[in-house]
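Build out the structure end to end from the sequences listed, making use of the hints.
So the sequences go chain by chain: F and P. Going letter by letter, the first sequence gives residues 644 to 966 in the working numbering. Going letter by letter, the second sequence gives residues 644 to 966 in the working numbering.
Since the hints were made in silico from the structure, they are not lab data. Values in this document were obtained by computation on a predicted structure and should not be read as measured data. Hints should not be assumed to be uniformly reliable.
Identical copies go unnamed one by one, so any copy, or any two together, can satisfy a pair.
[What the hints assert, rightly or not] Straight-line C-alpha distance at most 25 Å; calculated DSS-like pairs for lysine-lysine:
hint, residue 1, residue 2
1, K962, K916
2, K916, K745
3, K683, K745
4, K785, K961
5, K671, K785
Number of protein chains: 2
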Amino acid sequence: MELPFPGTKIPDGPAIRHIQEQNRAMVKETPVLTCQTLNKLTGTELFFKCENFQKAGAFKFRGASSAVWELSQHQPGAAVCTHSSGNHAQALALAARLHNMKAHIVMPENAPQVKVDAVRDYGGVITFCEPTLQAREATLEKVQHETGAVFIHPYNDYRVIRGQATCFYEMLQQLNEEPDYIITPLGGGGLLSGTLLTAKYFTSATKVIGAEPIMANDAWQSFQQNKFIPSQNPVTIADGLKTSLGTLTYPLIMENAHDIITASEVSIVQAMKWVWERMKIVIEPSAAVPLAALMENPDRFVSKKVGIIFSGGNVDLKKLPWI
Amino acid sequence: MELPFPGTKIPDGPAIRHIQEQNRAMVKETPVLTCQTLNKLTGTELFFKCENFQKAGAFKFRGASSAVWELSQHQPGAAVCTHSSGNHAQALALAARLHNMKAHIVMPENAPQVKVDAVRDYGGVITFCEPTLQAREATLEKVQHETGAVFIHPYNDYRVIRGQATCFYEMLQQLNEEPDYIITPLGGGGLLSGTLLTAKYFTSATKVIGAEPIMANDAWQSFQQNKFIPSQNPVTIADGLKTSLGTLTYPLIMENAHDIITASEVSIVQAMKWVWERMKIVIEPSAAVPLAALMENPDRFVSKKVGIIFSGGNVDLKKLPWI
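Structure follows, in structure tokens:
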């Protein structure tokens, strides 16, 4: 079956470049920052792509904008929906509003008030459900049925992956030369998949690595065993990285990733604190995982140029892990 | 008596431009950031000069670098000294090291360990003293006598003021047009004095305003009564802004400032939290005072272009005011 929009194909180089152009007015060009102190500490030349400064506070806005834009080309007047209590919910609500679309967001009734408020501020229409995956999916199905809204998955969707690919694409434009490595946080695999595609089409030798909390290392296990291992009751402070890989992201990652590395909870908190203290910027725990994993594997990165994607900056300032 | 370096004269336009050129390799060019959410919240077009990203975490490094550079021109081989437990201590230690000078820092024996460590990391030689102003001054005098080091005052020194002037000078180069207002935090008056001089020489109509905690409003009182009122036992979270004006900064400010405005402790914490949450950057309480004061005086700034200097980002992440 052929679906009526290009989101059903793996994005290639021209598709990535095209969505970057299309979204230029919508998506923020985020800065690439460096930090002498962290360079010294790691013996590495680090380049940080700051998606914590992205609209809605995370790279998720790139994927949501890409999906909403593609949808608007083929189904003008469509609405979108998703279930999420995280960054994707906010990103989709905002992207939809900027395209004059309606966004229906299914959220668990115990979602933090700050996240509920953020989705509402961006004009999202919230339907609450019980806090189980089953209830989420049932409620989403009901919302889809009643509204005709199109489901935009947080990562298992080529339209979304295509948007996430623009993050590293933009970073390459900003750097003078391609880095030896680029490391991204790894949860469902949307950002890593997009980064892999960009590296494939626009670099000659950059090695792409995913970084996971060791307490949610399902992708690492999958990579080691070369078979799909789902995430099982992960407990980690990096709450954006708990999900399993998807049917689209799993094969992309298995085939193209250079490696998957992990970080302990202690390292994640330490790396996050270093970034706040030394770089004076706010990143969320998930965003600190690549730096934490690099610090646990210093030898392989010594004297290399390493790009790191700071995936987001949405934290509850009243609940910081070092208090 | 004429002292042997230009730091004894009020810096003029060419002097400011010259030190900006001289320090280019040393001082970081910090970005000017904007934030749509804060613009909407205030009805103002805000431009934030991010000295929290400056070396040693605050604008103080500009003044210290300027002073150390000027000294190195006239007394090669000299050492510098100061008494401070704040940003000036770290800034002077680092600036001296980068000029291959020795820096002697007098600190109270109850100074926070994190600040002691920072000064030591930058190569500063610390002499501890009892935590009274009297002990500080006596100890500094002893250090000066024993080492021959030149005292660099944190703000009451034209060499320092000249360096602080480069902050707004650099900001003007980065903006397309001059702002209607520029607001700086106001403690001893070094940053405000430098900003006033830059505005005088390089803008046609920018109004310069100092912002003080209402709990440390000695400069506001001085401005209202047109006579020098010293700071008396101020209690404020903005610990960088507790000091009195100096003999050099007082007349500069009285003569040139457009106004002095104040902010309550609650507003300072609120403004600081907004910046962390919305802009995803770390600023210290003192740096939040201009935005807090603007929010308490919204009418006069509506629809205006307002520059704000985020003076620094050195905070103890374990002691945040909203916990």
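Taking the hints in turn, this is what the structure says about them:
1. Taking CA atoms no more than 25 Å apart as the test, K962 paired with K916 passes in both settings, with 13 Å inside one copy and 13 Å between copies.
2. Taking the shortest alpha-carbon separations for K916 and K745, neither the intra-copy value of 38 Å nor the inter-copy value of 30 Å comes in at or below 25 Å.
3. With identical chains, the CA atoms of K683 and K745 are at most 25 Å apart between copies only, with a shortest distance of 22 Å across copies and 48 Å within one.
4. For the homomeric pair K785 and K961, neither the shortest alpha-carbon distance inside one copy (35 Å) nor that between copies (45 Å) is at most 25 Å.
5. Taking the closest pair of Cα atoms, K671 and K785 never come within 25 Å of each other, the shortest separation being 34 Å inside a single copy and 55 Å across copies.
In this structure, the hints that do not hold are numbers 2, 4, 5, in rising order.
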